[in-house]
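S.K.: Given next are the chains, with one letter for each unit.
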Amino acid sequence: MTAARTVLTIAALTLREAFRRRVVIALVALTVVLLVLSGWGFSRLAAEQGTDTLTSGQARLTASIMLNLVMFGFSLIAALGTAFLAGPTLSGETESGIALAVLARPIRRPAFLLGKWLGLVAFGSGFIILAGLAQCIVVRLAVDYWPPQPSVALAHLAAQTIVLLTLAVLLSTAVSPMASGVVAVGLFGATWIAGVVGAIGRSLDNEAVARVGSISRMILPTDGLWRGAMHAFQDASAVVEFGGGSEGEAFPFLSAAPLTTTYLLWAAVWVLMIWALAASSFVRKDL
Amino acid sequence: MTAADTTAAGKPVADLPPAPALWCSGLRKRYGRQQAVADVSLEVQRGDVVGLLGPNGAGKTTVIKMLLGLVRPDAGDAMLLGRPASDPSTRVRVGYLPELFRYQPWLSAAEVLALHVRLSGVDVSERDRREKLALVGLAERAGDRVGGFSKGMQQRLGLAVALVAGPELVILDEPTSALDPVGRVDVRDIVLALKANGVAVLLNSHLIGEVERVCDRVVILDRGRVAASGTLAELLGARELRMHLTDVSPDAEARLAATGAVEREGEWFTVALPVHDDGTAVPDLVRDLVALGARVHAVEPARISLEERLLGILRAGEVERGNQ
Chain A
10 MTAARTVLTI AALTLREAFR RRVVIALVAL TVVLLVLSGW GFSRLAAEQG TDTLTSGQAR
70 LTASIMLNLV MFGFSLIAAL GTAFLAGPTL SGETESGIAL AVLARPIRRP AFLLGKWLGL
130 VAFGSGFIIL AGLAQCIVVR LAVDYWPPQP SVALAHLAAQ TIVLLTLAVL LSTAVSPMAS
190 GVVAVGLFGA TWIAGVVGAI GRSLDNEAVA RVGSISRMIL PTDGLWRGAM HAFQDASAVV
250 EFGGGSEGEA FPFLSAAPLT TTYLLWAAVW VLMIWALAAS SFVRKDL
Chain B
-8 MTAADTTAAG KPVADLPPAP ALWCSGLRKR YGRQQAVADV SLEVQRGDVV GLLGPNGAGK
52 TTVIKMLLGL VRPDAGDAML LGRPASDPST RVRVGYLPEL FRYQPWLSAA EVLALHVRLS
112 GVDVSERDRR EKLALVGLAE RAGDRVGGFS KGMQQRLGLA VALVAGPELV ILDEPTSALD
172 PVGRVDVRDI VLALKANGVA VLLNSHLIGE VERVCDRVVI LDRGRVAASG TLAELLGARE
232 LRMHLTDVSP DAEARLAATG AVEREGEWFT VALPVHDDGT AVPDLVRDLV ALGARVHAVE
292 PARISLEERL LGILRAGEVE RGNQ
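Protein chains in written order, with the numbering used here: chain A, 10 to 296; chain B, -8 to 315.
Treat the hints as calculated values from the structure; they're not laboratory data. Careful: at least some of the hints might be erroneous.
Pulled from the structure, derived: some chain B residues nowhere near chain A, Cβ distances all over 10 Å [claimed, not checked]:
#: 1; residue: Tyr22
#: 2; residue: Gln95
#: 3; residue: Lys142
#: 4; residue: Val217
#: 5; residue: Glu231
#: 6; residue: Ala252
Simulated restraints, written as ranges between beta carbons of each label pair [claimed, not checked]:
#: 7; chain 1: A; residue 1: Leu286; chain 2: B; residue 2: Pro75; range: 25 to 31 Å
#: 8; chain 1: B; residue 1: Glu131; chain 2: A; residue 2: Ile228; range: 18 to 24 Å
#: 9; chain 1: B; residue 1: Ser141; chain 2: A; residue 2: Val292; range: 51 to 57 Å
#: 10; chain 1: B; residue 1: Glu131; chain 2: A; residue 2: Arg53; range: 44 to 50 Å
Backbone N, C-alpha and C define an ideal beta-carbon position, used for all residues, glycine too.
Here chain A stands alone, though its shape is the one from the complex:
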């Protein structure tokens, strides 16, 4: 009972911090800019090329690629936002001394950590779901394209954000706030590039290169989840329209196949493991 109260109090405090520190305002401003720009881009595309010059399959392919491209922008904003919020809110507080008075209260450290994590999860996935949904609506209005599985896609994006912020939380229990943000975002980028490299390897039937993507996706499931999200955003015919399996696979803004249940389970287990590591590191930390 007391642990639940601690978790909820700290989660609410973390959300309040995100609002009071103007993180929300910054994110909303960025999102609006991206929405307006993409809305303009999509409408120009529709106006200039017109439906008569493109087949309906090509139009849906273009819309799918553009949507995935803009969504990548949003997932990057969410990744940067939560990774750089996780650093200050955890290791920043222990560094500055704010955590001393709080953790001297009758609370257990795992409950405190869970509260912080839940606050960040609510913030990060709340942002990505709302921004992603707004983007889908903008695309619908501009070029009349609606993704086949928007809720699956947004859930994958939220999961990707959760994976990255869990990693940022683990890092912030061990290193300085700035380093934890930099390392988390760096790993996120590296995994994405490894995923693209792996896809090129697969399209060239090069086993060794293809394995780079598979292994990086196991080590940090952000890119895997991102590919699952893309697959649910893009039109079912997009990969075929692009030129078949191997070429579509190599292109970074299309995804050839949905995620398997096993992979989704692995992502969940990964989050649990990293969280447990973060908790055990935080419990042992001398403040």
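Given chain A, work out where chain B should sit, using these hints.
M.R.: Frame of chain A, contents of chain B only:
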């Protein structure tokens, strides 16, 4: 077992004095190659104010953090209010002002107090919370963001945070480091008020005068060990007597030495008086010295200040280490 038996069995327990507000034994902590705390045992009785003194790096703050579960001790046991300090729920009735006092800059002073009340799980009315802010002189700033507070105001807020959840034990780590002289007097009054209400206080302070004024007992730490501890009277050896004497025979010298430790500078003798003196030590000594043929020119009472005593203990420790 009958009800009467149960009552009889329960009675001796109920009659026992309450456990000390704070007790620890054999606390040790090493950071890498640095032994921060080597062996610290101390006790704070309910309603007592105990001062923790010592030079920088003596391990005072580390001891406090180990008591509060903020630092994991390598060895040793600690109890707060009769329960093991390792259990967080022990700290429900413990208030703490850290040496590094920082509070969420994006919250207002009133919100910081509300947060700490919620985390401690104790019911504290809005009125009581406002009273605590008024007590530390922040009544007018309750709604202002902490980010705009001066260091002194943040330390005052920290004091309100330490007091807000009705503590039975308050641990103050350098509570006046950022305060002006008026603020220091306020803190002293607050500590004395806590004592009057039966709240135990562990006070870590560099300001020896402050400790001397409010503390019942003092623990002096040096290089992670307890160098000395006791009541102020015990530590200060009560008083000294400075005497200007001539014609001092060996018998008279022996009589001086029998009273206490003697230091001689020419014709001036400084004699430590016994701790428990019923007021006869000085007149008896003067009478005996005159009877032994000494000529007494002056007799002056002298008091060792806590500062002198502290420096004496720390220097003695240095000499001892030098000899080793």
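S.K.: Confirm or reject the claim that Leu286(A) and Pro75(B) have a C-beta distance inside 25 to 31 Å.
M.R.: Roughly 27 Å apart at Cβ, these two residues keep to the hinted range, so it holds.
S.K.: Classify the label on Glu231(B) as holds or violated, using whether its beta-carbon is more than 10 Å from each beta-carbon of chain A.
M.R.: Given a closest Cβ separation of 42 Å, the condition holds.
S.K.: Minimum C-beta separation from Ala252(B) to chain A exceeding 10 Å: can you confirm that?
M.R.: Given a closest Cβ separation of 43 Å, the condition holds.
S.K.: A cut-off of 10 Å on Cβ-Cβ distance, and Gln95(B) was said to be off the interface with chain A. Does that hold?
M.R.: The claim is violated: Gln95(B) sits with its nearest Cβ about 6 Å from chain A, within 10 Å.
S.K.: Does Val217(B) really sit off the interface, with its C-beta more than 10 Å from all C-beta atoms of chain A?
M.R.: holds (22 Å)
S.K.: Over 10 Å from every CB of chain A: does Lys142(B) meet that, or does the non-interface label fail?
M.R.: holds (12 Å)
S.K.: Quick check: does the Cβ-Cβ distance between Glu131(B) and Arg53(A) fall within 44 to 50 Å?
M.R.: violated (57 Å)
S.K.: Quick one: are Glu131(B) and Ile228(A) within 18 to 24 Å, going by C-beta?
M.R.: For Glu131(B) and Ile228(A) the Cβ distance comes to about 55 Å; the hint is violated.
S.K.: Could you check that no beta carbon of chain A comes within 10 Å of the beta carbon of Tyr22(B)?
M.R.: violated (8 Å)
S.K.: Given the hint of 51 to 57 Å, check if Ser141(B) and Val292(A) actually sit that far apart at their C-beta atoms.
M.R.: violated (35 Å)
When held up to the earlier numbered hints, the structure conflicts with 1, 2, 8, 9 and 10 and fits the remainder.
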